[in-house]
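Position chain B with the ligand against the provided structure of chain A, taking the given hints into account.
For reference, the chains in residue letters:
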Amino acid sequence: MSAFFDAGHYDGKSAVRRKVEVQIIGRQFFLLETERRHGPFAFSDIEYVTHKDDADVYGLKEADGWRLMLSGPVPSDLSAMLPARRNYGGWVDRLGFGKAAVAFTLASAAAVAVVLLSPQWLAPLIPSSVDEKLGDALVGDFGGRFCSTPAGDAALKKLVASLDANPSDLQVEVAKIDMVNAVALPGGKVILFDGLVKQARSPDEVAGVLAHEIGHVREKHVMQALLRQMGLAVVLGGIDGNSGALVNNLLSMSYSRESEAEADAHSMKALGGANISPIGTASFFDRLSKMDGSASSSTSENGIAGYMSSHPLSRSRKDAFEKSIVKGKNYKPALTPAEWTELKTMCTQDRNAKSGFGFDFN
Amino acid sequence: MNDDLSHRHSAFRFHGSWLEFARIAFPNLLLTIVTLGIYRFWATTREREYLWSKTEFIDERLEWTGKGIELFVGFVMAFLLIGLPLIVIQLISQGLIFRGESILAVVMTLMMFLLLFYLTGVAYFRALRYRLSRTYWRGIRGGSDDPGFQYGLAYMWKSVVGWLPIFLGVPWSMISLWNDRWNAMSFGPHRFSATAEWKPLMKRYLLFYLVPFLLFIGAVVFGISMAASGGTPGTLGSTGIAIGAIFAIVGVLSFYLFLPLAALAYYSKYFRLAVGGLRLHNLEFDFRARAPDWILFFLSNMAIVICTLGIGYIFMPYRNWKFFIDHMEAYGEINIDDLTQSETVVAKHGEGLLDAFDVGAI
Ligand SMILES: [Zn+2]
Numbered sequence: 001m002s003a004f005f006d007a008g009h010y011d012g013k014s015a016v017r018r019k020v021e022v023q024i025i026g027r028q029f030f031l032l033e034t035e036r037r038h039g040p041f042a043f044s045d046i047e048y049v050t051h052k053d054d055a056d057v058y059g060l061k062e063a064d065g066w067r068l069m070l071s072g073p074v075p076s077d078l079s080a081m082l083p084a085r086r087n088y089g090g091w092v093d094r095l096g097f098g099k100a101a102v103a104f105t106l107a108s109a110a111a112v113a114v115v116l117l118s119p120q121w122l123a124p125l126i127p128s129s130v131d132e133k134l135g136d137a138l139v140g141d142f143g144g145r146f147c148s149t150p151a152g153d154a155a156l157k158k159l160v161a162s163l164d165a166n167p168s169d170l171q172v173e174v175a176k177i178d179m180v181n182a183v184a185l186p187g188g189k190v191i192l193f194d195g196l197v198k199q200a201r202s203p204d205e206v207a208g209v210l211a212h213e214i215g216h217v218r219e220k221h222v223m224q225a226l227l228r229q230m231g232l233a234v235v236l237g238g239i240d241g242n243s244g245a246l247v248n249n250l251l252s253m254s255y256s257r258e259s260e261a262e263a264d265a266h267s268m269k270a271l272g273g274a275n276i277s278p279i280g281t282a283s284f285f286d287r288l289s290k291m292d293g294s295a296s297s298s299t300s301e302n303g304i305a306g307y308m309s310s311h312p313l314s315r316s317r318k319d320a321f322e323k324s325i326v327k328g329k330n331y332k333p334a335l336t337p338a339e340w341t342e343l344k345t346m347c348t349q350d351r352n353a354k355s356g357f358g359f360d361f362n
Numbered sequence: 363m364n365d366d367l368s369h370r371h372s373a374f375r376f377h378g379s380w381l382e383f384a385r386i387a388f389p390n391l392l393l394t395i396v397t398l399g400i401y402r403f404w405a406t407t408r409e410r411e412y413l414w415s416k417t418e419f420i421d422e423r424l425e426w427t428g429k430g431i432e433l434f435v436g437f438v439m440a441f442l443l444i445g446l447p448l449i450v451i452q453l454i455s456q457g458l459i460f461r462g463e464s465i466l467a468v469v470m471t472l473m474m475f476l477l478l479f480y481l482t483g484v485a486y487f488r489a490l491r492y493r494l495s496r497t498y499w500r501g502i503r504g505g506s507d508d509p510g511f512q513y514g515l516a517y518m519w520k521s522v523v524g525w526l527p528i529f530l531g532v533p534w535s536m537i538s539l540w541n542d543r544w545n546a547m548s549f550g551p552h553r554f555s556a557t558a559e560w561k562p563l564m565k566r567y568l569l570f571y572l573v574p575f576l577l578f579i580g581a582v583v584f585g586i587s588m589a590a591s592g593g594t595p596g597t598l599g600s601t602g603i604a605i606g607a608i609f610a611i612v613g614v615l616s617f618y619l620f621l622p623l624a625a626l627a628y629y630s631k632y633f634r635l636a637v638g639g640l641r642l643h644n645l646e647f648d649f650r651a652r653a654p655d656w657i658l659f660f661l662s663n664m665a666i667v668i669c670t671l672g673i674g675y676i677f678m679p680y681r682n683w684k685f686f687i688d689h690m691e692a693y694g695e696i697n698i699d700d701l702t703q704s705e706t707v708v709a710k711h712g713e714g715l716l717d718a719f720d721v722g723a724i
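Protein sequence lines, in the order shown, are assigned to chains A and B. Note that my numbering has the first sequence beginning at 1, numbered continuously upward. Note that my numbering has the second sequence beginning at 363, numbered continuously upward.
Next up, chain B with everything else stripped away, as it sits in the complex:
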């Protein structure tokens, strides 16, 4: 049985409703509060179970099979492996400073930061691995046999190389790390192949990068043209000063407006390129959201959170997932008979490190 996707309008479809989600999110919020936050691992699991089960790929829903206890164990592990040593190292380095061994204390603190940096990379990798290994479609799951320790090193050096040329290498490091991550992942018997390119991303990045400079140049040009037209404050009087003040305010506002917009424009291109470079056997993926979609999404998220005095925050997982699925597209074909079970190992714990650092996945 072959499924030819080329004539369908969308391989991914989301059937959820925010009212149904509210019936999960509100009890979750209550239980999370009364357990001093411990329930949130089970809360996350319930939300994912719902979101996955409402997501249809071709002709079958996804299943989320992760457990709250896995996320909890992951969190406790992160606390024991990182949190406690961090506290001890802080105590020791404080003692070293007291003893006047400042250099040793600085070295220890530096080592600690390097370790955290490394573990953040490992955490990104393992979170993706965990999510794929808990996602089932037609009884088949994804995963990876790579524990992600190598990726942690790549994360360190590629990030640093990205920052070194006055942050101009960031697009390269982001795309390259995305490819590294996904090339290690598989679904069923098939390995993902990620071949996104970073060069097409540079134009958008430069736009974001140059926004502060462009605004500054704009202000200077405006000032010069004002002066050239003979409009000095002396001859224009108080109205001239008022106009100048208005332009200054507009300038500041546009700085705070344009910079996030440029960042979103960059991110939308990044995500489109990254997903577009992804392949699974004969399947190709595409993410169709463009910069205006992202900006609209971002602004309405802000509006929801502000208008509900923050309560709307609990709907963000729903909104994020819906945005993601609504814009995902897949082309090509799947041979159902060929799609056999994944033989990757399944880790028993969840996204502990990632949870501790509070960074997003995918």
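With the rest of the complex left out, here is chain A:
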């Protein structure tokens, strides 16, 4: 059986356009010119290329530039042998536009949900040896900035032991850096900056901040944040640079706010267990809030500043700590005056510790 149909043809070897007739013979066809016959070609090797002008353009597998251009009404016995037109691309064409859009939406929502929620379950599954190695790789000896004196170490040890049931898998250090800050890092590492210790007016203030950082360690926040960031980077990698980074930051920020609240809750609980008054921590936040200016803004957290900041505002954190005071409870100081002096002067006494920072935290 054969059929003839006028078509345009490029052989892919030269740019000469040929007028041909398509001659179908079973699952193969020939292209007939006035004096030449091209082929046979197998219909199974025919690919859809594009639509141009008023013609559908087909190519041939493994034949670079080979083209068959069919315009006008194509006889049904020929069109039945040809591959379907491509419109959106494989999957969308197979499912149909509406169904594909719904399926993609569901898949995307699921992917984001997994990335946002799974770190909470995954972080505890990461072996502590990995956590520790990461912490060691990151911190090492902190460039020799850790301070150490026998009496100061003992005071710090006592403070940690009163705040945590398993102090042995924590590594708390005071670093000779003149900044009011403290950080929790992988591997149970907590670093108090000397600037914070010096600025504190009582050991209770240091205890509250330390317990907060221990809270980050115990709740595995560092590993969670790391996993979440990596997951979001992969999932949102497809979005254009800026919008992706913005979405990424917003999502991870809201989670860091949640982590901060969790760490504060942990801190209040630990202070209560150690019979240390939270009023010291509250007054510490009060002083901080005067420094960062949030006291002057509205007390409600509805403002943009409250939403966008990565840390809960010091003002609201102060209120939370104040509320956790139990009336009539017999609080005792976190350290004796002698111990407190030793801790406070530890970095001044330790002449071997290097000072300075040369890096910045947020």
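Please note: incorrect hints may appear among the correct ones.
In silico lysine-lysine, BS3-like type, Cα no more than 27 Å apart, as pairs [to be verified]:
| hint | chain 1 | residue 1 | chain 2 | residue 2 |
| --- | --- | --- | --- | --- |
| 1 | B | Lys565 | A | Lys99 |
| 2 | A | Lys269 | A | Lys323 |
| 3 | A | Lys344 | A | Lys198 |
| 4 | A | Lys354 | A | Lys157 |
| 5 | A | Lys354 | A | Lys198 |
| 6 | A | Lys329 | A | Lys269 |
| 7 | B | Lys429 | A | Lys13 |
| 8 | A | Lys61 | B | Lys429 |
| 9 | A | Lys13 | A | Lys158 |
No lab work stands behind these hints: they were computed from the structure.
Just chain B with the ligand now, with coordinates in the frame of chain A:
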């Protein structure tokens, strides 16, 4: 068969309509959103298929044969080859800073920037190569056998040499790199030859370069002439101050107005010279858009985007291509029998690096 182009008014003609394009762009936007951006590779491909198929060169439409999956694979490769190492290097250098090895961290960061700089150059080259190798006309395509690694080095040193003499070498480096890029490209059996000159570009560049100085001098001259005519603020009173304020506002506005205009004027000359220096066998090219055309194009693009609250952004590929084709011109002749298939290798992946850095092609 010889096509003599000298008597035709334009060898390039664009037959697209923005309504047809909208029917591609809007579903693309929707699918891109619900796939968290992953569909954009297929979206780009669909748009190019349309734009190419509506572009006529002499007597035949162009074909875009690139695939969405190629762009996607290119993007994933860029992520694995650059994105991941970047994250790891950032982690390591942070760890180094923690350990107090700031110099090592600085060296590593510097190396990273150099590598990115190099890869950006390679990406420019490969994007052009990819586009030519996927563009067919009469069943013939373009391409290049050069992988672009040498070009990456040239990109580095020529850019730096362009910046060194207080940025006065920029026109030279831009033109010279354009020539390097196109001299490595071919279409069919013919190699492009790019011999654009940079010297005619200097006048426009100096105009752009000197705009801030000229405005400053203008302000000074105005001030002196005011003073010379006896118009001191004391004698003129409040009206004098008001006039001064108005002139200050006009001065600031003109700075923000003149600088982009001067930049466009420079770019229009650059593109005209660059395309004008291009030759393919017996074909010569010309780009007829002059500075006012570019400025009008730029302003209407801004108006479209602003008036549609940003939605008009999806029409920018259409507008850019139409502007490009409407002003392209070719002279000379093509011998269709001589135009045989390109023997350059075809890379299997798309514009990954370029896509990752989000820089324009051509
Ligand atoms: Zn915290």
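Outcome of the hint check:
With a C-alpha separation of about 57 Å, the suggested pair Lys565 (chain B) and Lys99 (chain A) falls outside the 27 Å cut-off, and the hint is violated. Straight-line distance between C-alpha atoms of Lys269 (chain A) and Lys323 (chain A) comes to about 12 Å, which keeps the hinted pair within the 27 Å bound. A distance of roughly 6 Å separates the Cα atoms of Lys344 (chain A) and Lys198 (chain A); the hinted pair therefore holds under the 27 Å criterion. The hinted pair formed by Lys354 (chain A) and Lys157 (chain A) meets the criterion: a straight-line CA distance of about 22 Å does not exceed 27 Å.
Our distance criterion of 27 Å between C-alpha atoms is met by Lys354 (chain A) and Lys198 (chain A), whose separation comes to about 17 Å. Note on Lys329 (chain A) and Lys269 (chain A): the hinted pairing holds, with a Cα-Cα distance of about 14 Å set against a maximum of 27 Å. Restraint check: the Cα-Cα separation between Lys429 (chain B) and Lys13 (chain A) comes to about 22 Å, which is no more than 27 Å; the hinted pair holds. Between the alpha carbons of Lys61 (chain A) and Lys429 (chain B) the distance comes to roughly 15 Å, so the proposed pair stays at or under 27 Å and holds.
Simply put, Lys13 (chain A) and Lys158 (chain A) have alpha-carbon atoms about 85 Å apart, too far for the 27 Å limit, and the pair is violated.
Of the numbered hints stated above, those contradicted by the structure are hints 1 and 9, listed in ascending order.
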